[in-house]
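K.L.:
Chains as they are written, first to last, in our numbering: chain R, 1 to 508; chain C, 1 to 351.
Rather than coming from a laboratory, the hints here were simulated on the basis of the structure. Treat the hints with caution; some may be incorrect.
To be verified - Covered, in the sense of this in silico footprint (three residues per stretch, anywhere, with C-beta under 8 Å from a C-beta of chain C), are these stretches of chain R: (1) 334-344; (2) 353-360; (3) 367-380.
Built from N, CA and C at the ideal position, the CB exists for glycine as well.
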Amino acid sequence: MSAPVLVMSGIEKRFGGVHALRGVDFDLRQGEVHALLGENGAGKSTLMNVLAGVIAPDRGEVRVDGLPVRFANPRDAQASGIATIFQELDLVPGLDITANLFLGHELMRVGGRLDNARMEREARARMESAGVEIDVRRRIQELSIGQRQLVAIAKALSYATRVLVMDEPTAALSAAEAERLFRVVRAMRERGVGIVYISHRLEEVPRVADRVTVLRDGRRVGEEPASAPQARLVRLLVGRPFDEMFPPRGGELGAQLLRLEHARFAPRTEVAGWQAPLDVSLTVHTGEIVGLAGVMGAGRTELLSALYGAGQRGRWEGKVEVAGRAARLSTIAAARRAGLAFVTDDRRGSGLILRHSVGRNVVMSILRRISPMGFVSRAAEDEAAQRSIKTFDIRPPRAAIPVGNLSGGNQQKVVFAKELLQEPRLLLLDEPTRGVDVGAKGEIYQRLRALTNRGLGVLMASSELPELIGLCDRIVVMRQGRSIAEFPGGIDEKVLLESATGIAEEAA
Amino acid sequence: MTDAPKDNLVEVARLPPAAAARDPLALVVRFQSIIGLVLVLIGGVVFSPVRHGQIIFLSPDNIANIIRAISETGIIALGMTFVIITAGIDLSVGAMLGLNSVLTAMLMTSANLGLAPTLLVVLAAGTTFGALQGLIAIRFRLEPFIVTLAGLQMARGLALILSGNVYINISYGDGPGLAPPVFALLGERLFHNVVPVATLVFVALAVVATVVLNTTRFGRYVFAVGGNERAARLSGIPVAGVKVAVFAITGFASAAAGIVHAGQFNFGSANDGAGYELTAIAAVVIGGTSLFGGAGSMIGTIAGSIMLGALANILQLNNVNASLQLLATGAIIVLAAALQTMVGRREGSMR
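For reference, chain C alone in the conformation it holds in the complex:
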């Protein structure tokens, strides 16, 4: 009975929303990803095995492991945040990672394309693939869910055809069929062997994504389109262009993740990246971005990605079975989403 004490709520709503700001639940939700991350990190320290007086969770090696493990899904989650804020979804990202890892490996080895041209071609291919999905969704008025589900299948199929369903190994050196050795850097660590290069790529892209979402006109357009598409259109915002752009962004992000993947593991594999779309969506949702569009946070997504990585790491350190890890992740997603919905309902009832 939402309209029950309607008159009263209109009155309350006219008051300054100090009450809303003081709502502790709203505060928790606003910072849920940060709070969650802190809790997980504390839990990591508390439950960490200790060897020779050292907390393994905090050892440089372990930290490097965590931030390396999240770099690929993290990059994808950055792009996914844009799409989800427009109330869309992109299921093709994991398959795109596989396809782009294959593409990277083939261009660098058998095609001998050289480093920069390879990166450019792969990033352009990913961006185009994403933009095409956006265009198809708009032209035929299809749900992004359906279009990108089809995109997932097609990317996977394309990758299998290209690779012949075998690993495309990358050998480094100078000569035909060998990749430029500098590409192997993606699998290395810098700064006293602690910071993986793959993570640096993630960090750089995270900075760019945060700036774009929070300070640019395009970022505002993204929020507006997700908040109320019709209002955005009537206000002169190029809605179709924004939608194509966000899918181009996820395509770009998937391509970047595919490159990182190929660089870290020295091969391209058509079947890799399966399920990454769900990890990325989980990170975005845990980060406080609404699946209904119009609200979200890039910082939240970053925190959500780290949190999922740290959680998986703790469980691994304690030799918890991988199936239980899945259960824990599932529970956290439900918790995060339920918190948001509860606060959303309170806000909703105020209208």
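The shape of chain R in the complex, shown without the other chains:
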């Protein structure tokens, strides 16, 4: 291994009363991928913002190639060969790839006209050197999010050759796109670029990184080789063992709540990228949690939203039964009458009204019940809000706070509380712990199990296999709109992965 290209030592940062970084050390060698893991609030973004020149540290030192540096702004950092790709990509959608790569640094011909031919040639070379094969004349808006990410990398590489910081780059990518991104990352490593890879997806670490550093509460709590077992990394992340996160499985199964038999959803109009459920057979009983596994695009989200009447317009064919009776689930109103509730995978976009208070949000689904004669009963509203806050341990426990001011985990609890106030029989969950830190995940698992023990049925989709394996009673695997297999909870992750992808996984 070569000498470190970057050494950060004893980095301290306070924001008012919050001690965000408490003397963090971090180093990066040439040609390695160093993963930085941590929950929300652990300090990883602050640390990387110090590195990017966005924030000045209170104490501590940053050395690049052995020389101490002080970045006053992001441009300084870039001049030292350090580039950061933030989650919000800095690309202009209406311009083509070439124009984006040269934005602000356009090549001119004598007389001030753009030298398009030369820029295009160089753009092609840059994309190639980043290992990306996309026509540079395509506009950003025509590209998938994964392709945009690759363009952003190519752009960053054009001014950074030493260190590249990637902040949750796979957050919005499909499995195939993520795989392609990993290949590009590995190719850059071969070329000697040092890469800081920030993520909260544990399963990515061994696939892309060489080393991993874990932050918790502003401290570095451990540094491990990337091959370290996941359970060990989780223990570092949350400070307690992985298995304890999952509650014991429930006891008895109750009546059949949902039964799909060769059910198929016929959308009124075909929409590209919306994988309609084509042939799904599964059951959910009261008292159990049934998981939906599958790669991105397998149709899990579409199945859930079509059951709730919230997807494309269309109708179900085949057998769809709720509580033993044939049900017509084509509108949200019908689904709710049948006792279904739905927690979306996008709580900020479609789950909550961020500027409204916690109380206003939770009662949104039961306004009809708490407003006899059309006038909202403040007493009933307050009571419902307080009960939700208590049941879900929403923090801070105040109904009047705008929900947007809560942490991701507490926001997700508000979404759960809102859906459960209507006392559904069957809860449909889409990625219920996305963007929630590990501690809050554990709390959500406990509550879900407590609810099913009291007679709720849950059907949940998740792309985190350990979550499905640890929490669910049964796991249904979907591929291309079809349910293809079913496994009991606790199944070996490798078996599940093989089934979901349809290929025997190469040794990771």
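Given chain R, work out where chain C should sit, using these hints.
P.N.:
This is chain C only, laid out in the frame that chain R set:
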């Protein structure tokens, strides 16, 4: 660089928002319409011409003038508040006022329809026109801006056709072609000749609008639809129905304003009400309602309406040229909106 000190802000956000509540700017914005109104009223007293030792601004006649002048745009602004809270806009209201004033005058005179039937027909027509705009916007997925811009043109065109582009005068009396004299009451003043009847209509509707927005399920639906349409839909709120309803409300309000207009001036005129939509929107925005939807206040709208009326009055009393009045109104709108955006950004950065 909004996500700069992200970790820290998450931490801060977990604390009780005492800090946010203490943010003086947030307080100013929360009560901006009231504060603005008080400032304008103080300014009115200070800058008022004085005659025979009496402050003209505070004279009963002048006060009656102010509250009479705001009654029509005020009524429209009440309806507009609902639409804007759903993140919509209704540009057709001014033209609708013209159309409905024509309709009122014609029904009462040449059609001899009588008072109650006329009012019912006009209010129903306005409500229907508004609801249709809402339906069209939903069915064809058009922006309310476009649909109501078209509605503005059509209402104006319809009014011109109906009236033949002449004033439809209302004469009172008992007989064919004469309107029931009781309708003339809308132009009168009550209570020692101080309180215009038109203002009483505004006050009554303002009370109803405030109650509906703040205490009913429908009011909550309006806020929810504007706050996050998708979340509202997934929570079982009938989003399309709410949207149609708010446009029906502006239609109703425009019709009511058209009736008041006809009653105050004793004629119907196809060209009246031009620009009222902008005055109403200004009152709503000054009142603290967000054009992005999801937040707003009916009390704010009422205060904003009075404030604009009082401001215009002061400037008139001091013989300030009408063009300068426009400049002053413009400046106040920018100030109100900028304050809101500043606070919104602070809140936004906390997420």
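K.L.:
Quick one: which hint numbers does this structure break? Sort them smallest to largest.
P.N.:
When the structure is compared with the hints, none of them turns out to be violated.
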